[in-house]
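Here are the chains, one letter per residue:
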Amino acid sequence: MIQLTRSGKNPLVIETPVMPAAGIFGFDGAAYRDLLDLTKLGAIVTNPVTWRPRRVAHGTRVVPLPAGVLVHTGLPNPGMRRTIARFRARWARSLAPVIVHVVATSPAEVGLCAAALEGCEGVVGIEIGLHDQATPDDIAAILDAARESTLPALARVPLYSAVESARAAAEAGAGGLVVAAPPRGTVRDPESGQLVGGRVYGPWLKAQALRAVGQIARLVDVPVIGCGGIHSADDARDFLEAGAVAVQVDTVTWVQPRLLEVIARNLGGLELTRVAGALPDEWQPGMSETMRLLRDRRPTLDLDDDPPAPPDLPE
Amino acid sequence: MIQLTRSGKNPLVIETPVMPAAGIFGFDGAAYRDLLDLTKLGAIVTNPVTWRPRRVAHGTRVVPLPAGVLVHTGLPNPGMRRTIARFRARWARSLAPVIVHVVATSPAEVGLCAAALEGCEGVVGIEIGLHDQATPDDIAAILDAARESTLPALARVPLYSAVESARAAAEAGAGGLVVAAPPRGTVRDPESGQLVGGRVYGPWLKAQALRAVGQIARLVDVPVIGCGGIHSADDARDFLEAGAVAVQVDTVTWVQPRLLEVIARNLGGLELTRVAGALPDEWQPGMSETMRLLRDRRPTLDLDDDPPAPPDLPE
Amino acid sequence: MRETQALIERVRRVSADVQQIDLAVDPALMQLKPGQALFVRRHNQHGWEPYLRELWIPVDMRPGRLTVEIASSLDAAPNEIVDVLSPVGRPIPVRPRIQHLLLIADDALPTPFVFLARTLSGGGVAITLVLNGLAARYPLELLSPEVEIVRGDADWSWPDQVATFQWADQVLILAPGYRQADAYGRLLDRVRQIRTHDLPDHYACGLFYDRLACGAGACGACEVRAHDTLLLACADGPAIDLKRVVFR
Amino acid sequence: MRETQALIERVRRVSADVQQIDLAVDPALMQLKPGQALFVRRHNQHGWEPYLRELWIPVDMRPGRLTVEIASSLDAAPNEIVDVLSPVGRPIPVRPRIQHLLLIADDALPTPFVFLARTLSGGGVAITLVLNGLAARYPLELLSPEVEIVRGDADWSWPDQVATFQWADQVLILAPGYRQADAYGRLLDRVRQIRTHDLPDHYACGLFYDRLACGAGACGACEVRAHDTLLLACADGPAIDLKRVVFR
Ligand SMILES: Cc1cc2nc3c(=O)[nH]c(=O)nc-3n(C[C@H](O)[C@H](O)[C@H](O)COP(=O)(O)OP(=O)(O)OC[C@H]3O[C@@H](n4cnc5c(N)ncnc54)[C@H](O)[C@@H]3O)c2cc1C
Ligand SMILES: Cc1cc2nc3c(=O)[nH]c(=O)nc-3n(C[C@H](O)[C@H](O)[C@H](O)COP(=O)(O)OP(=O)(O)OC[C@H]3O[C@@H](n4cnc5c(N)ncnc54)[C@H](O)[C@@H]3O)c2cc1C
Ligand SMILES: Cc1cc2nc3c(=O)[nH]c(=O)nc-3n(C[C@H](O)[C@H](O)[C@H](O)COP(=O)(O)O)c2cc1C
Ligand SMILES: Cc1cc2nc3c(=O)[nH]c(=O)nc-3n(C[C@H](O)[C@H](O)[C@H](O)COP(=O)(O)O)c2cc1C
Ligand code: FES
Ligand code: FES
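Chains as they are written, first to last, in my numbering: chain P, 160 to 474; chain G, 160 to 474; chain D, 30 to 277; chain W, 30 to 277.
By construction, these hints were calculated from the structure, which means they are not laboratory data. Check the hints yourself; a few may be wrong.
As the list claims (entries may be wrong) - The list that follows gives simulated cross-link-like pairs (lysine-lysine, DSBU-like), each with its CA atoms no further than 35 Å apart:
#1 P:K199 to D:K272
#2 W:K272 to W:K62
#3 P:K199 to P:K168
#4 G:K199 to G:K168
#5 W:K62 to G:K199
So here's chain P without its partners, still in its complex pose (with noise of 0.2 Å):
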């Protein structure tokens, strides 16, 4: 059992450290039913829902980079009740607990969808995406915001102020932190010849990521989830050992939707080797490779049930 909160009367807990970061998997993971199988994961995340409706972004929404992608949707979504509304009944019937991403647009509006979130069923907390320019006060006054509901709250910080907003975070109450929301960047789209802006994703992002989460384990006395770049079992077990408890798997779903079950195996304890004798559907390349990569790195792995101490890494 991995606790995703901090202790409390409402602790957040789920089975599997792997889950899919919001923006990746939809509101209800119905898109990837077929593609790999949603009760090995530890939780769903959904899209970001913001408590007003919003339609996708005007122009280049999707430009391909070196081994990477910039993505620009502007959050489509519902508005929160229309959200509630279409999915509740899916969430409650969820093969995976529902985490719901609310986008911090104003503390009002995260009151308002905490508390509608309240009660619905499959739904065991809230992910509060904070804003780039969000100052400790705003922080403070969203995560006040968000005890409207006595669902846990995580908050998810950007990259660049992650330590910063993690801090702020953790000291205005924040039950978990999801370390970190990816960076901005601006390209050229070659359809258009325009350059433009979104948040930038590959496998690259991990490096920046994972010094992020080293920091800010070793800052704040609350549970943190790695989150940028992991592209492999390998990676998501940097970020344990980086000193976060569970990781979020972004793009690398869109890509190759099976990694994001490869990776919920193999960090779920599932050690699976084609030798041992796994059925053939549950045998992937690399899967094989899990025990010896344990063995290999005991001497840094804290294998007790104690919270391993974040350890001292180089930044």
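Place chains G, D and W with the ligands on chain P using the hints.
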């Protein structure tokens, strides 16, 4: 002619808006003498120099990344006095003007470095590498110390705090800005199996750096040199379109040294095509695209003598 | 959507722009209908470049093999095994009892019409294909011989235009991504001028191909702004009834 | 350092670990001496992956062709043209009037010794090669037949060790990057125990191969900590006199 620092009694002016970034090219460019035509460069920026000598970092210094590399050298250099003693004569004979990169360890040491560089023939400016954690007050003190020399001073700002550091440096009287020093990351060194830290480089960095350049060019009234992930002449032109007056080319110089020359020739106005009868040694794949691309982009390029108004870039 | 493997059996360069690939596919893929596509990733890719999957559009289907048409700039070699997510999108909704279908390829290669034309012309539907701009570069011998070809001008005129529209029981239009709003809006205006009273469902459809991120209906990046509900190019397209679309 | 092109003529897999590549090279490369290497980038790379150049180490040279040995995990195919920066490094400094050379491959494949051994054994130098750990997996038939092979233990002992050191006019050692400080420091200690008075220049050299960034002596990433001056593995190595090196 490209003016890299504000107008005033001693502006730094170069002929071609392209130079290698600090740390890429050695202390005098000799390593690349036989690999590219140094006279085509606007300037040579030296490796970082500190007042006191520094040895290379212990442990892992280079780790391959997806489409990039992590580098952590520890800024090895013989200290400013010995650097000057060793390279002064070569700088005087340099085929391109020399900008010496001074690491902003402390205001006192920056002052000593600046004073020591006064009167070195061939040295046309100082680039001050600001530390990731530098506050506006630190920046003001460091730039103040740089006035120990009459050499024009550029301030190089870190990516994550680029906007705030650039604003502080401009207010503190920096002659020009270099945007941005690359971010730090943590990766697993495949050789030692350990997590190690350093700065991360690669073509995907361009999106993050280009965004910072666009934001800063709109904000400050000081010339901006764009730097980060430039891997082609088109990449370099994107930085000019975003408001930079010149660019620094980083790790691609190691991978394909000739690309630095190709970019310098392209942006220096040498629009060579095979068809037009260029010498074969002046031709490189992609060069012949120059004129067409310039024509396609005419609407967004200001071709007057006035510095172009930074366009309103998306974020 | 399912994940399967396919084997590249043959690669034919059919013009400067396009190549056709014969694939040996999982039997499930033989259910694909015109409009539905494959979302493909190579196994032998070096690292993560290119990163996103490619959309491969079927142009023909025979027992045991599927033929797709892709840009000639993409690498493809016989004996390569590729990883396929499919189907992307829904079958193009052909109106019931259709007799005359008008297809317009406005500055875009008419690849997405080829399989449809092949399927319908066998069933006796008369098909007219208007080509302009880039579309005129397409090798016409790859189309069913029954298809009547009309060459349009850059300014969107062709002989007997009004008559063509009046005869048509359905109109499908294809333009490149960045011109869709313009071209499709213009088509809808023309159609509304000619058929002032009735505009049955699916009478005028645009084919929406956007750069896809997930291709699975999860990310929302390919949303087509619509009056009534949320429409996704990848999950609800490629053919979308232009009556439903918001232009500007 | 110059940039040239080379053509891959033949690829031979010589063991589970290594393959040998015959290259048709620019005549300038025929001046390479044992110790000097090529810094190579493929032309047909997809985008920027892998990013850094690869170090290719020559093992043989005949008129018009250079043979290099690289890890068998790297892709290489005949008829490919590669982009070469060379030379990386300096010739291994062989002591004057040398009669007996001792080579130690400590848990590293002895590839960097092959060309040297071939060159010197033609000239009548007696060569002993000590192999331990991974080094023992190297296919010995690729070495000159004149080279005497001694198998060492993991604990760095082999028969007649003291005598081997006493006979040797020069000792070269190779260990993998992360073990160099340890292995080379230990060698220097042994040598100092045996030859207490005189330790002529280059008597005991380590081969320093680090992961190279620039390979050109510009970035400083491959610095070897030395007592006297700045030493770079890429520009001053691979063979560095262990007397000059600071261990820990
Ligand atoms: C306070 C605020 C007010 C705005 N007002 C308007 C407005 O009035 N009209 C308008 O058109 N636009 C508005 N925007 C603009 C809107 O930010 C952009 O269109 C949109 O933010 C950019 O889309 P994006 O995908 O980059 O999301 P972001 O702005 O990058 O995301 C905001 C938050 O949502 C979460 N998030 C977003 N995308 C993802 C994802 N793919 N995966 C996981 N989490 C994600 C993150 O946690 C992030 O903190 C507003 C934005 C903010 C923050
Ligand atoms: C204030 C300070 C004090 C330190 N004290 C010590 C000490 O006492 N002992 C010790 O061993 N280490 C010390 N360090 C550690 C030292 O930072 C790291 O070993 C070294 O900074 C990491 O090397 P790096 O290549 O990542 O350079 P960075 O720390 O990343 O670089 C510092 C500055 O130098 C410039 N710079 C560095 N590398 C490059 C490059 N490749 N290209 C262009 N510009 C570059 C940048 O502008 C940057 O702002 C100190 C560092 C700082 C900043
Ligand atoms: C190996 C090493 C790396 C360091 N890296 C940094 C750094 O990245 N940023 C920084 O501000 N200081 C850095 N420092 C400086 C230390 O934080 C400290 O200020 C410095 O060592 C002086 O204190 P001390 O000598 O008493 O330890 C580094 C020091 C060492 C020894
Ligand atoms: C297309 C668009 C994008 C926006 N993006 C952001 C954003 O990224 N961050 C932010 O804080 N506000 C963003 N905003 C919000 C604006 O800054 C402004 O606060 C908002 O539009 C309300 O003011 P207005 O409606 O009077 O313009 C955006 C607004 C629009 C219309
Ligand atoms: S591409 Fe993701 S929803 Fe269509
Ligand atoms: S690798 Fe750059 S100096 Fe040696």
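So, going through the hints one by one against the coordinates:
no.	hint	verdict
1	P:K199 to D:K272	42 Å, violated
2	W:K272 to W:K62	23 Å, holds
3	P:K199 to P:K168	27 Å, holds
4	G:K199 to G:K168	27 Å, holds
5	W:K62 to G:K199	33 Å, holds
Hint 1 from the earlier list is the only one contradicted by this structure; the remaining hints agree with it.
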